[in-house]
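S.K.: Top line first, the protein sequences correspond to chains A and B.
Just so you know, the first sequence maps onto residues 2 to 195 in our numbering.
Just so you know, the second sequence maps onto residues 5 to 851 in our numbering.
Take these hints with a grain of salt, some might be off.
[Claimed, not checked] Restricting the straight-line Cα-Cα distance to at most 27 Å, the calculated cross-link-like pairs of lysine-lysine (BS3-like) are:
id, chain 1, residue 1, chain 2, residue 2
1, B, K169, A, K105
2, B, K592, A, K105
3, B, K587, B, K169
[Unchecked claim] Derived DEER-like restraints, expressed as beta-carbon distance ranges:
id, chain 1, residue 1, chain 2, residue 2, range
4, B, V179, A, T140, 55 to 63 Å
5, A, E92, B, L656, 46 to 54 Å
6, A, D54, B, V179, 41 to 49 Å
7, B, K592, A, K135, 20 to 28 Å
8, A, K135, B, D538, 50 to 58 Å
Hint data in this document are derived by calculation from the structure and do not stem from the laboratory.
Just so it is clear, CB atoms sit at the ideal spot from N, CA and C, and this is done for glycine as well.
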Amino acid sequence: MKKAAFVLIGIMLMVEPAFADDLAEVDSFLKERLNRIMGLLQDKNLEKSTRNDKIVVIITEAFDFDTMAKLTLGKKYWPGLSTAEKARFTELFVGRLKASYLEKLNLYDDETIVYSKPEQVNNKVQMMTELVSKDNKITMRYKLYKPSKAGWKVYDVELEGVSLITTYRSQFNEVLQTGTMKDLFAKLERPEGK
Amino acid sequence: MKSPHSIVERLFDRIVLSHPGIVLLVILVFIAFMGYQATNFQLDASADTLILEDDQDLRNTRDVVARYGEQDFVVVTYTPKGDIFSPETLARIEELQSDLAALDGVDSVLSMLDVPLLESPPIPIKELSKNIITLRSTKADLSLAKVEFQNSPIYQNLLISPDLKTTALQVIFPVNTEGRALLERRTALREKEREGLLNATEQEEYEKVRSGFRAHSEKMKGVRHHNIAEIRKVMDRYRNDGDLFLGGVSMIADDLITFIKKDLKLFGMGVLFFLIITLKVIFGRTRWILIPLLCCFFSTLAMAGFLGLFGWEVTVISSNFVSLQLIITMAITIHLIVRYRELDEALPEANHRELILKTVSSMFKPCLYAALTTIAGFASLVLSNILPVINFGWMMIAGISVSLILTFLIFPVVLIFFDKAVSDASSKPSFPLTSIFANFTATKGRLIMVISGLAFLFSFVGISQLIVENSFIDYFKQSTEIYQGMKLIDQNLGGTTPLDVIINFDDPNAQSQPDAATSSPVTKSGSSEFDDFDEFEEEENSDKYWFTEDKMALIQKINAYLNDMPETGKVLSLGTMLQVAEKLNDGKPLDNFELAVLYEKLPRDIVSLVLTPYVSIEHNQARFAIRVRDSEPTLKRDAFLKKIYHDLTNSLELKPENVQITGMMVLYNNMLQSLFDSQIKTLGVTVAALIFMFLILFRSLKFSLIAITPNLLSIGIVLGMMGWLGIPLDMMTITIAAISVGIAVDDTIHYIHRFKHEFPKDRNYIQTMRRCHESIGYAMYYTSITIVIGFSILTLSNFIPSIYFGLLTGLAMVIALIAAMTLLPQLIILIKPLGPEGRIQGPGHSE
């Protein structure tokens, strides 16, 4: 019994530094990319399309779009799709997500980012940031996981407590509840808000 | 004194006529008691009295009210002389608002000064959650505010008229929690009672709750009446600065009561005065004025006592009962007077008491028959499913019985105090209308048939054009303040009658169940990849994710559809709020994400203002609170409601089970539609009941069919005339058809009864007809003329239903009289229901 307890503490002690490493990794990974994005946003000399292209490059390496696509359909719908449907959906969704993200970024100009310490949640990490302007404060929570040795990836973003993935999920759910995958594709093919 | 003829007559003679003083005393004690009970007599014009009790829509409406909240309020409109947005006027509005708010029994007052300004100056949507200013704030830009109010999808047509000349202040009364709790309990117990599931304690509770609710409603009516009077006093102080009107459902109910009471008092007096004059002209002598009036007064008072005793509330529908009671009592009394004078002339040697006994005994049977038949007619109202109409039926059944009994007691015991005196010189009218009718019937039989045929045709075509519409505004003359105020609110401040459209969204979890089951093998293998992310499974049900683009687009589509209908005034829904948000979002619709963020960030008091009344996330439904322009001439209520339902389920592709239309307008419409059904059903039953009664009374199918014909003509012409004149069938006018039956039956029965009595004398149809016209004809003629003249004064009322009542009752009387004096005898002469002329038959046939 004593031995068992000793082993357990030993494991915990072994694990702890590993977590600490994870947190530090996430911290620098995210800060680095967000600062680059802020830099691009604040650069008034940059052409909008060039800027957007550069931002897309950054978010593509930070976000795990494939997983995000999968999560928005969830286990209710995703496993039932054919490989071709999965590919088509991912393509359409990622396009939609990028466009929406860029559109929202365009609203920000004079904000500065305040970072909080990353937190461990199960085997994933969340990091809270605040976009602070003169008289406003917006909280953003980045949720990351480590799909491979290659490193951390963002799988969801929460703005003021509203999850990007869940928002899309509820929207897609509603379409699929009465309609088919085809309807959802048709909807995603249309420009946003139409 | 000669020995009376039957046991009943002997008893009547020995008990009543021998002790008139005692009988009169008993009657007076009874009347005094009933008069005391009459103080409990209640007049109810509340919305609850105008709706069907068994209505599923009533339950739905109450559910919606419980879910989204309800406010009892009135609206004060203010049209200042100057510019509304000038600082002076705004200050004046503020003063008016605080004066109103300071009144006892007023919970709060909402005006244009209280609502958030979003564009004066514009606020970015990011900052919507704070820095909200109003017109009271010094930061407000008045010229921008003017534009905002003019264009705001929320404020325009609600707080301010489109021409920016009139503003509305909403005076909100405290929520009547006690009343609502009592009502809920009463409804629950009533439903249980209907199913026969009440036990003894619940039965006791039901009685208690019922009387408690009634007492509470009565108290609230008084309170509201007082509130409204106080509000009007405040308004009076501002009349120098502009025009002010009062509107709102509470006010309509209160003003209706006031109008009805005023009409009862003023025109009750007027009718009385006209009756006295007419009686004086016809009969000349004081006793023939005094006795009918005594009978009428006592009967009405006794009836009012019954109403108080049984707690039957007089509603707009039954407010005519006083008039009816007068008509019926007057008819019985005039028949007695005419009969007395007839006998007096025929039997000059008979003494006063003998004459009275003979009068009473010879008239009791036809009067009883007429009363029973009329009761059968009114009993048909009990078959309708409109509670006030049912109550009206019961009231009339009781009223006719009271009139019959009291008149047959009061007439003899009062008359016996007078001496016999000399015969009335003028027992025949100076204008011999009855002989004209007799001659006409004798000579122009065929013409009568042709005219009657045409009249039936006229009625038929008229009835086919009858409409069922009910606009409160049409109840009042255009010169009245209530009309002008309602018109203003209707046309410029969003309409009057509330209507709710409720849209249910499909339950996101409902349909997925079978899906999940069938795809479970796939899920099993693929689910491991989701195991790490089960955080999303629960989160999805959170309120903020309810606001999806699809839902919002649908809500806005429905909102636009409802708003575009010419009949709708103000439409408030989440769609209206989204319009505002869109405007702040540079004209772009908010996406799911923005909606969810906005929902999270909005202060809770704003949520309760812009979301709670229009969305129930818990029930997955949205509400569209509509006010309908009641005065819109093109408004056809039933068609309008059907169109909304049709368009929502077809053009907008909603599932029928997901659409619910409720609210006051639906309830009114249901009642109106059931009036149509009721009218047809009750008239059908009435006619069947009449034929049945005639069969019992006359024991002859021929006579029964003859007797029903003038009745049909009378109802037909009254309803047909309403159709031709475009007078809609509403809860007030529906009773006129029933009344005309009552009147026509009276004439028919008296005439046939007399005819059967007179015929054996010479077995000549024409001669019998002449004798009847010269005897019972007078009574019918006098009754009609007295009542037509008496009720003609109602046409001076400001209350349109009273005018219709006066005119149509007069019409019904005239038609009934003409039909009974021409068509009825012509049919008898034609069909000869009493056998061939000339040959004297056995005694069995005579009276």
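S.K.: So, for every hint listed, does it hold in this structure?
M.R.: Do the hints match the structure? See the list:
1. K169(B) <-> K105(A): Given that 27 Å is the threshold and the Cα spacing comes to 42 Å, the pair is violated.
2. K592(B) <-> K105(A): holds, 13 Å
3. K587(B) <-> K169(B): holds, 25 Å
4. V179(B) <-> T140(A): 55 to 63 Å: This hint is violated: roughly 37 Å between Cβ atoms.
5. E92(A) <-> L656(B): 46 to 54 Å: With Cβ atoms ~32 Å apart, the hint is violated.
6. D54(A) <-> V179(B): 41 to 49 Å: With Cβ atoms ~59 Å apart, the hint is violated.
7. K592(B) <-> K135(A): 20 to 28 Å: holds, 24 Å
8. K135(A) <-> D538(B): 50 to 58 Å: Violated, at about 40 Å.
Hint compliance for this structure: hints 1, 4, 5, 6, 8 are broken, all remaining hints hold.
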